[in-house]
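Asker: Spelled out from the first residue to the last, the chains are:
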Amino acid sequence: MKFFDDIRVGEVSDLGRHTFTAEDIKSFAARFDPQPFHLDEAEAARSHFGRLCASGWHTACIWMRLLIDFRRREDEERRARGEAVGQLGPSPGFRNLEGSQPVYVGDTVSYTTEVIERRPWASRPGWGIIFVRNTGVNQHGEPVISFTSSAFVERREREPQTQ
Amino acid sequence: MPRLHWEDFSPGQVTECGPRLITRAEIIAFAAEYDPQPMHLDEAAARASLFGGLVASGWHSCCLLMRMLTDGMLAETSFMGAPGVEEVQWLAPIRPGARVKARATVLETRASRSRPDLGFVKLRLELVDASEQPIMSLMVSPMFGRRDARSPAGAQPRASPEL
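Just so you know, the protein sequences line up as chains E and R, in that order. Following my numbering, the numbering of the first sequence begins with 225 at its first residue and continues without gaps. Following my numbering, the numbering of the second sequence begins with 8 at its first residue and continues without gaps.
Everything labelled a hint here was simulated from the structure, so no lab data went into it. Note that the Cβ used here is the ideal one computed from N, Cα and C, for glycine as well. Honestly, I wouldn't trust all of these hints.
[As the list claims (entries may be wrong)] Partial list, computed: chain E residues near chain R (C-beta under 10 angstroms):
hint : residue
1    : Leu291
2    : Arg319
3    : Gly323
[Stated by the list, open to error] Derived SDA-like pairs (lysine to any residue); straight-line CA-CA distance at most 20 angstroms:
hint : chain 1 : residue 1 : chain 2 : residue 2
4    : E       : Lys250    : R       : Ala36
5    : E       : Lys250    : R       : Asp78
6    : R       : Lys129    : E       : Glu322
7    : E       : Lys250    : R       : Ala89
8    : R       : Lys108    : E       : Pro258
9    : E       : Lys250    : R       : Lys108
10   : E       : Lys250    : R       : Glu33
11   : R       : Lys129    : E       : Asn320
12   : E       : Lys250    : R       : Ala82
[As the list claims (entries may be wrong)] So, partial list: chain R residues that the calculated Cβ filter (under 10 angstroms) puts toward chain E:
hint : residue
13   : Pro43
14   : Gln44
15   : Met46
16   : Cys70
17   : Thr77
18   : Pro90
19   : Val95
20   : Pro100
21   : Pro103
22   : Met143
I would like the entire structure built from these sequences, with the hints used as guidance.
Answerer: Given below as structure tokens:
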């Protein structure tokens with residue numbers, strides 16, 4: 225992870241993509257979101273979705289996984305260049321998650337994250353908080369997920385900052 | 008046939024689901040698949056983090072809430088999914104051995120303007136620990152089928168009926 229000090233508003237990162245298989249969709253749903261339209265093709269065909277589709281939580285969890293994989297690759301590159309690596313801290317939450325279009329079997333979703341705001345964390349001098357807008361778009365260019373999340377990120381200098 | 012439809016919800020209703028014991032093994036298994044950060048995977052690394060010990064991923068909290076709510080409430084309703092999630096606040100981490108309860112409070116109900124077969128129920132969902140301390144708070148307005156709705160056959164396969 226970049227240090228908080230090096231993160232700029234407007235930065236966009238391409239996190240990669242994921243193809244949702246029927247097996248994948250059902251396995252997630254059976255554990256965490258066992259609705260008939262996420263578990264069974266025939267039930268899904270009778271539902272308002274029309275076809276088997278992924279849980280929105282599944283679509284969001286894949287964003288998380290791709291984000292962590294992306295950060296890990298970045299960190300490895302930084303270490304290879306002999307640079308220090310910042311820590312990604314906890315997240316207070318997210319808002320405005322929209323699933324404007326279902327994710328159907330066989331859909332490939334491409335995810336991105338964009339920094340929209342950054343500010344120091346007043347009560348913890350060694351940390352700042354960033355707000356990011358996350359999106360996932362299917363192979364037809366249609367948005368399938370978007371949300372705004374926040375996370376604490378380590379500062380380069382663990383000293384009180386004046387800002 | 009579902010027992011509860013959109014008409015059966017009214018503001019102020021509270022449903023509790025659980026409690027459920029959260030194990031170290033399931034915290035690590037979820038993290039390995041969807042959120043492989045050290046504080047969710049490895050006790051020693053987690054001790055060095057801001058959390059001071061192993062904690063569940065926030066997305067795991069969401070998934071646990073969804074599963075508990077489905078088993079304890081949604082499975083007997085005409086639940087049709089939600090077009091989004093308004094807000095999630097991760098207030099405290101889930102640690103191994105925690106006993107958590109899910110709680111749903113109905114805030115308001117609203118008929119769909121474009122789809123006479125369904126309505127929205129705005130819910131505040133909470134995950135609390137054994138001493139009623141909040142772990143997570145979530146605002147969401149899922150869709151529920153109406154009691155007298157005809158079969159959705161022929162309906163548009165869309166997740167967002169307002170669009």
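Asker: Give a verdict on every hint.
Answerer: Against the structure, the hints come out as follows:
1. Leu291: Status holds, d = 9 angstroms.
2. Arg319: OK, holds: E:Arg319 within 10 angstroms of chain R, min 4 angstroms.
3. Gly323: holds, 6 angstroms
4. E:Lys250 with R:Ala36: holds, 17 angstroms
5. E:Lys250 with R:Asp78: holds, 17 angstroms
6. R:Lys129 with E:Glu322: holds, 15 angstroms
7. E:Lys250 with R:Ala89: holds, 18 angstroms
8. R:Lys108 with E:Pro258: Holds. R:Lys108 to E:Pro258 sits at ~18 angstroms (cutoff 20 angstroms).
9. E:Lys250 with R:Lys108: With a Cα-Cα distance of about 25 angstroms, the restraint between E:Lys250 and R:Lys108 is violated, given a limit of 20 angstroms.
10. E:Lys250 with R:Glu33: holds, 18 angstroms
11. R:Lys129 with E:Asn320: The given pair, whose Cα atoms are some 14 angstroms apart, holds under the 20 angstroms limit.
12. E:Lys250 with R:Ala82: Between E:Lys250 and R:Ala82 the Cα gap is close to 17 angstroms, so the pair holds against 20 angstroms.
13. Pro43: holds, 6 angstroms
14. Gln44: Holds: closest Cβ of chain E sits about 6 angstroms from R:Gln44, inside 10 angstroms.
15. Met46: Holds: closest Cβ of chain E sits about 8 angstroms from R:Met46, inside 10 angstroms.
16. Cys70: holds, 4 angstroms
17. Thr77: Since the shortest Cβ distance to chain E is 6 angstroms, the answer is holds.
18. Pro90: holds, 6 angstroms
19. Val95: holds, 5 angstroms
20. Pro100: For R:Pro100, the interface hint holds, since the closest Cβ of chain E sits about 8 angstroms away, which is under 10 angstroms.
21. Pro103: The hint is violated - R:Pro103 has no Cβ within 10 angstroms of chain E, the shortest such distance being about 17 angstroms.
22. Met143: holds, 8 angstroms
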